[in-house]
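Peer 1: Its first residue numbered 1, the sequence shown is counted upward by one per residue in the numbering used here.
Because the hints were derived from the structure by calculation, they are not lab data. There's no promise every hint is true.
Stated by the list, open to error - Derived SDA-like pairs: lysine to any residue, alpha-carbon spacing no greater than 20 Å straight-line:
| hint | residue 1 | residue 2 |
| --- | --- | --- |
| 1 | 24 | 4 |
| 2 | 24 | 1 |
| 3 | 24 | 101 |
| 4 | 24 | 112 |
| 5 | 24 | 53 |
| 6 | 24 | 39 |
| 7 | 24 | 34 |
| 8 | 24 | 58 |
| 9 | 24 | 121 |
| 10 | 24 | 8 |
| 11 | 24 | 2 |
| 12 | 24 | 12 |
| 13 | 24 | 51 |
| 14 | 24 | 105 |
| 15 | 24 | 60 |
| 16 | 24 | 122 |
| 17 | 24 | 48 |
| 18 | 24 | 109 |
| 19 | 24 | 13 |
| 20 | 24 | 36 |
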Amino acid sequence: MNINAEFRTLKQLSGITAQHIADKFGVNIRTAQRYETSCTPRPEIMDYMRAIVDDDNQYIEDVLEGAYEVIVEANSRMGYECEPDKVQIPRYLNAYYYYRANGEDAIPYERYTARLNRVISASVSYTHLRAHETPEHL
Numbered sequence: 001m002n003i004n005a006e007f008r009t010l011k012q013l014s015g016i017t018a019q020h021i022a023d024k025f026g027v028n029i030r031t032a033q034r035y036e037t038s039c040t041p042r043p044e045i046m047d048y049m050r051a052i053v054d055d056d057n058q059y060i061e062d063v064l065e066g067a068y069e070v071i072v073e074a075n076s077r078m079g080y081e082c083e084p085d086k087v088q089i090p091r092y093l094n095a096y097y098y099y100r101a102n103g104e105d106a107i108p109y110e111r112y113t114a115r116l117n118r119v120i121s122a123s124v125s126y127t128h129l130r131a132h133e134t135p136e137h138l
């Protein structure tokens with residue numbers, strides 16, 4: 001995979017916008033947009049994007065592998081009660097409601113929604129795989 005394709009993939013997985021990259025690293029917005037096609041991103045930008053995706057991958061792994069107590073505790077702080085075999089991950093109508101519920105210091109809304117979509121996708125894939133298991137597969 002070339003560097004531009006990798007950047008584009010990392011950007012999609014993380015939910016980070018070109019504007020965020022431009023602001024964080026002091027580059028022009030058009031330059032940040034061109035990282036997806038023709039300009040070579042600086043190494044520290046790629047390291048930043050990889051670190052975000054790695055962090056999200058760990059989060060998703062934790063959710064799928066049973067970080068149930070953490071989610072239950074977070075849900076209870078927000079006033080949700082979880083059934084023993086269910087987990088609720090809040091989805092917000094827009095950034096306004098997200099920041100109202102989580103504060104301005106929360107991860108960026110775009111990153112939260114990208115992470116949420118990856119959790120949902122991974123959960124559905126996992127559930128689909130589990131649905132096809134039979135005693136001989138266990």
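Peer 1: Does each hint hold? Answer for all of them.
Peer 2: Hint check:
1. Among the hinted pairs, residue 24 with residue 4 is consistent with the structure: their alpha-carbon atoms are about 19 Å apart, no more than 20 Å.
2. A distance of roughly 25 Å separates the Cα atoms of residue 24 and residue 1; the hinted pair therefore is violated under the 20 Å criterion.
3. Restraint check for residue 24 and residue 101: the C-alpha separation of about 25 Å exceeds 20 Å, so the hint is violated.
4. For a cut-off of 20 Å, the pair hint linking residue 24 to residue 112 stands: about 18 Å separates their Cα positions.
5. Distance hint between residue 24 and residue 53 is fulfilled; the C-alpha atoms sit about 17 Å from each other, no more than 20 Å.
6. Distance hint between residue 24 and residue 39 is fulfilled; the C-alpha atoms sit about 17 Å from each other, no more than 20 Å.
7. Of the supplied pair hints, the one linking residue 24 and residue 34 holds, its CA atoms being roughly 16 Å apart against a limit of 20 Å.
8. At roughly 23 Å between alpha-carbon atoms, residue 24 and residue 58 are farther apart than 20 Å, so this suggested pair is violated.
9. This hinted pair does not check out: residue 24 and residue 121 have alpha carbons roughly 29 Å apart, beyond 20 Å.
10. Distance check on the hinted pair: residue 24 and residue 8 sit about 17 Å apart at the alpha-carbon level, within 20 Å; holds.
11. Using a Cα cut-off of 20 Å, the hinted pair residue 24 and residue 2 is violated, with the two alpha carbons roughly 23 Å apart.
12. As the CA atoms of residue 24 and residue 12 are separated by approximately 17 Å, the hinted pair is consistent with the 20 Å bound.
13. Of the supplied pair hints, the one linking residue 24 and residue 51 holds, its CA atoms being roughly 15 Å apart against a limit of 20 Å.
14. For the suggested pair residue 24 and residue 105, the alpha carbons sit about 16 Å apart, so the restraint of at most 20 Å is met.
15. Straight-line distance between C-alpha atoms of residue 24 and residue 60 comes to about 25 Å, which puts the hinted pair past the 20 Å bound.
16. The suggested pairing of residue 24 with residue 122 is violated, with an alpha-carbon distance near 30 Å, which exceeds 20 Å.
17. Between the alpha carbons of residue 24 and residue 48 the distance comes to roughly 10 Å, so the proposed pair stays at or under 20 Å and holds.
18. As the CA atoms of residue 24 and residue 109 are separated by approximately 16 Å, the hinted pair is consistent with the 20 Å bound.
19. Taken as a hint, the residue 24 and residue 13 pair is honoured in the structure, with Cα atoms around 18 Å apart against an allowance of 20 Å.
20. The hinted pair formed by residue 24 and residue 36 meets the criterion: a straight-line CA distance of about 17 Å does not exceed 20 Å.
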